[in-house]
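Novice: Residue-level listing of the chains:
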Amino acid sequence: MTDAINLLVGLALGANLLALGSSRLPSIIRAAAIQGIVLGVIPLLLKPEFHWLVALVSIGTIAIKGFVIPALLLRALRAANIAREEHPLLGFIPSLLIGASATVGAVILAGHLPLLPEHRGLLLVPGALATLVSGLVLLVGRTKAISQVCGYLILENGIYLFGLLLIRGTPLIVEAGILLDLTVAIFVIGIIVDRIQREFDSLDTGKLTSLHE
Amino acid sequence: MNPGFTNHFLLPLLRGVLQIAILLLLAPLLPGIVNRVKAWVAGRRGPPLLQLYYDLGRLWNKGIVLSTAASPGHLVGPAIAWVAILGSAMLLPLGPGDALWSFKGDALLFLYLLALARFCTASAALETGSAFEGMGAAREVSFAVLSESALITAILALAVQTGSLSLTGMLAPVPNPSAGLLAAGLFTVLLAENCRVPFDDPNTHLELTMIHEVMVLDHSGPPLAVILHGAALKLLVFALLLAQAVLPLNHLSLLPATGCLLAAMLVITLLVGFAESLLARFAFRRVPLLLTTAFLFCLFALLTAWKGVS
Amino acid sequence: MSPGCLLSLALAAMVAGTCCAPRWTRLWLGCTVAATLLTLGAAISVLAGGPWEWHGAFPIGGELPHLRADGLSAFFLVLLSVIGLAGTVYSSEYWSPKKHPGSAYPGRVWWNLLLLFMGLVLLCSNGLHFLIGWELFTLCAYFLITRERHLPAVRRAGWLYLAASHASALCLFAFFAAIAARTGSWDLGPLRDHLELAPLFWLALIGFGLKAGLFPLHIWLPSAHANAPTHVSALLSGVAIKMGIYGLMRFSGWIPTPADAGWVVATLGVASAVLGVAFALGQHDLKRLLAYHSVENIGIILIGLGFAMMASRAGQPGWGRLAMAGALLHVWNHGLFKALLFLGAGSVLHATGTRRMSELGGLWRAMPWTAASFALGAVAISGLPPLNGFVSEWLVYLGLFGAVDGLGPGSAAAVPAAILLAVTGAMALACFVKVVGVVFLGTPRTLRAEKAVECGWFMRSPMLLLGGACILIGLAPALFWPALQSAIAAWEPGWAMDVAPAPLLSLGIWNVGFALAAALAATLLLRRVRRNGIARAGTWDCGFAAPTARMQYTAGSFAGIITEWFAWILQPSRHADKITHPFPSRAAFREHTPETVLEKVVEPSAGMVMALSSAMRRLQHGRLQFYILYLVFGLIALALLAFWGGAP
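Chains as they are written, first to last, in the numbering used here: chain Y, 1 to 213; chain G, 214 to 523; chain W, 524 to 1171.
Treat the hints as calculated values from the structure; they're not laboratory data.
Virtual Cβ for every residue (Gly too), placed ideally from N, Cα, C.
Do not rely on the hints blindly, as some may be mistaken.
[Said to hold, decoys possible] According to the in silico footprint, chain W covers these stretches of chain G (three or more CB under 8 angstroms from chain W): (1) 262 to 268; (2) 365 to 379.
[As the list claims (entries may be wrong)] Partial selection, computed: residues in chain G whose CB lies under 7 angstroms from chain Y: (3) Ser490; (4) Ala493; (5) Leu502; (6) Leu503.
[As the list claims (entries may be wrong)] Ranges between beta-carbon positions, derived for each pair: (7) Y:Pro26 <-> G:Ala252: 32 to 38 angstroms; (8) Y:Leu139 <-> G:Gly229: 58 to 64 angstroms; (9) W:Ala782 <-> G:Leu465: 47 to 53 angstroms.
Whenever a hint applies, use it, and build me the whole structure from the sequences.
Specialist: So this is what it looks like as structure tokens:
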């Protein structure tokens, strides 16, 4: 079971790097979607016995993160009719290298953390840390609003991975609440994206600086 | 005859000569297979499988045209590069057979012999004073920085996995999860180092977009034959490295191991051919990104191997 | 003869040479060469026979002289004498009185004194005398660097060198004084049991690191090495910066080191190696480029030293010994090939009068000896087999791999170090393909390069000597193991191992076989080509009919891809005329890579200190009444302090 979970976390880490290294917006969205699906499966494996609430959250996560939000973003991309090539503040290779070193660093760091014995063999903690950093790099280093949304999504995935550690302790209802928040946030961002696009004919957040006093 | 002499001297010598002969003779077959695959995908008949052998024979008997700007190094460079590539091939084990020369740390010698070959071909290219060849040489040495970092990471991963510092010990992996990552990384490096699509296009000859082919524009006759044979040998070397880094051949006995190795070589060559037929060459600014990805594959293979050991 | 006897003879010959220098050229040359050879003999006898010590009876500066030659100092003494020998012979033609009437004779005096004082520093075992020797050799080097002081660039370089050297001397003063204060004597020796001395290592690291030119303390190095006369650059790059390495090795062996010293040294080493070569790629001045490669190679040496220190702390001699052997051998190797390259660059400068690579090209035709030896040095410095650079880098790698494999304390640091060492090697290769290609191959770019002539035998023979040494170490590395062994034993007594490690022997045999095979293949190919017939024609160049020499790839364009990756630190300033019309008439492109640490960090902060100081100067205006007022304020402040914060 541990191996399967580690494989899934590994895939999620791969999706991080995919998002960091790809220059086209659709591939970033797809990377975030793949990550969402992969992470959605993990709760099912984490608990040996079947529980209907876990299954519900799992299905909800996969549906929303893997399909609904990416579809929304792709639609926004089509509707806004923006250039699909990203012109980043931070180059692709530096962001890739930062992401990779964050992953390596997280694995090394996790070896020194006082974790519960049942979490020792799992990659959940390093995976969470690396995903958080990748999301932050995307948020900071990209200019297009859509890719920042993806960064936000990936950041949330990192938090979600951390949350899985506490799956025994926290009621899953909390996770469901986060999911709801996320969906609402994405809707709001979608509306803002639309407004920015109408106002500036571009989704480049750099243009927003012209709004300052 | 003294049996000790036979066992300790004559037999290894014979085996060595045989091994070198196999390497030298087999190498030009690989580009032939790649070209056949490309022709098959494109629906053409394509050149014969042994085309490179004919070409080499023809070139070996030709006279040369030497640029007035070039020094004797223009002719010596390819010879040294060829010896360096052959030397790196001699450090690799051949499936069931050990390497011809093996000692602790020869993996680094392997890496640096390939670098020596690069030094020679790149300087020989600069001999002519042509801007085209300067461009090719600049690209070759620059992209090599990235592919070399990927290669050393792969070697580190193998060293951690097997606890050995010689290629013979390293290329005897146990089946493990990092093999897939390593295979992906090494295959990308293979494509880059052998100037294959998507890094370079061995078919274009007069484009500004190429690396290796542009460096040999002014070579002709026997030196060109040596360069072409060296390139084929290098493809063989990388294919051997890739196959033996991933497949645990040392657990098999002689015949199955040989069979597996040959099959693996064929599969790798076919993959190169398909990659060449189905992919487009990347824009140059994307090449470093792809090579960085290869490096990361090797890095994560290293990390996995490390996690596996500790 | 005993080392002491040889050394005193060498001293006599050196003093005689110094006295002859202002007048008699032949005598000077003979004496100085004899002195270097005698020193070499003494060093070899120490390496083979064991340490030598001498206590003087008469105090100098209040301290009794104490000379000691153990394996480590003899190891560096060998380098000093070989490079000194090559430089002396070379300078007799290169900086001849005929070409430099005003400066050749005094230059020889300073040269001899520089050699003498460097030897003294290597032998001194008394802190005070070490400092005196250090200061004197620094000053001699200053006078040699500023031989052409009518040029503003040279004056500036000399000034920067002097400032950096004195910052270094300041740290060393503090270092030695603190040791003397703790131990109660200026006499030096193994002090490993004085654990309280450990933090002093940081002072030594800054002091010796400034001299060695490790990143980011290298700011003085490129300009000083580029502007000195070339034989001086060779000595500075080959030996003088190694005095910093000597200091680090000496005192990391003699005094205890802090727990994380090895990590810090190795990290600085990695930074120096990668950034040194990145800066070298951005240079267009031949000698400046070589100077940056010194930073790179110092980095490689420090990687080896840093890991050896970690191994020493962890008590793992197996790989630590290899790392240390690599660092030590690289000291020799870098001295040899860097001196060779500088002498080659000097010949180019001598023949063409320019160091700018964009004005050179095609020199192999006019200067085949120089071109061949420079190419040899380029292969060696790129760390390629079968030459010496590979052997030492390989030993460092073995140390790193040992650290990774042992999963010891260095394992986390060894992985990035090994990867970045490979990156450094590949970039050094790119840089030297660029240098050899742009300077010696292709066609001459200017009239100067076309009119060049080969240098004479006095300049050629040192290059051949150094090249021969590079080949010898490459082909028979095991031959030099006893010397390495002796130096390692002086550094860490427990690590002695008399027989050369088996892989080193295998590598030597491989290198010989490989060199023979390469020579054979080249001969066969050349014969085949001759038999088939050679037709000479212009470069085909894809059929372009009217190529000019200016169309060749330049140094900047060759390195462009890699320098672009490092633009964040290189900060190159570029100026290009925009091409607007379909048939542009004139266009120009200029590129300059600044010394980023100096121009973007040190100079602005120095400027801030200056501004602050001049603001403070307003307080000092010469009016007595205000000074009295200051005193009153000061007293009140002290009184308030005593009142509130006062003693219990």
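Novice: Double-check G:Leu502 for me: the hint is only fine if its C-beta lies closer than 7 angstroms to a C-beta in chain Y.
Specialist: For G:Leu502, the interface hint holds, since the closest Cβ of chain Y sits about 6 angstroms away, which is under 7 angstroms.
Novice: Using Cβ atoms only, decide whether G:Ser490 comes closer than 7 angstroms to chain Y, and label the hint accordingly.
Specialist: 23 angstroms, violated
Novice: For the hint 58 to 64 angstroms, verify it against the beta carbon of Y:Leu139 and that of G:Gly229.
Specialist: 59 angstroms, holds
Novice: How about G:Ala493: closest beta carbon in chain Y under 7 angstroms, or not?
Specialist: 15 angstroms, violated
Novice: With 7 angstroms as the cut and Cβ atoms as the points, is G:Leu503 at the interface with chain Y?
Specialist: With a closest approach of 9 angstroms, the G:Leu503 hint is violated.
Novice: Please test the hint of 32 to 38 angstroms on the beta carbon pair from Y:Pro26 and G:Ala252.
Specialist: Given range 32 to 38 angstroms: holds, Cβ gap about 34 angstroms.
Novice: Verify the CB-CB distance for W:Ala782 and G:Leu465 against the hinted window 47 to 53 angstroms.
Specialist: 48 angstroms, holds
Novice: Mind checking, does the stretch 262 to 268 of chain G have 3 or more residues with a CB under 8 angstroms from chain W?
Specialist: Per the Cβ count (0), the hint is violated.
Novice: Using a Cβ cutoff of 8 angstroms, are there at least 3 residues of the stretch 365 to 379 of chain G near chain W, or does the coverage claim fail?
Specialist: That given contact holds, which follows from 7 residues of the stretch 365 to 379 of chain G lying within Cβ reach (below 8 angstroms) of chain W.
The structure shown violates the earlier hints numbered 1, 3, 4, 6.
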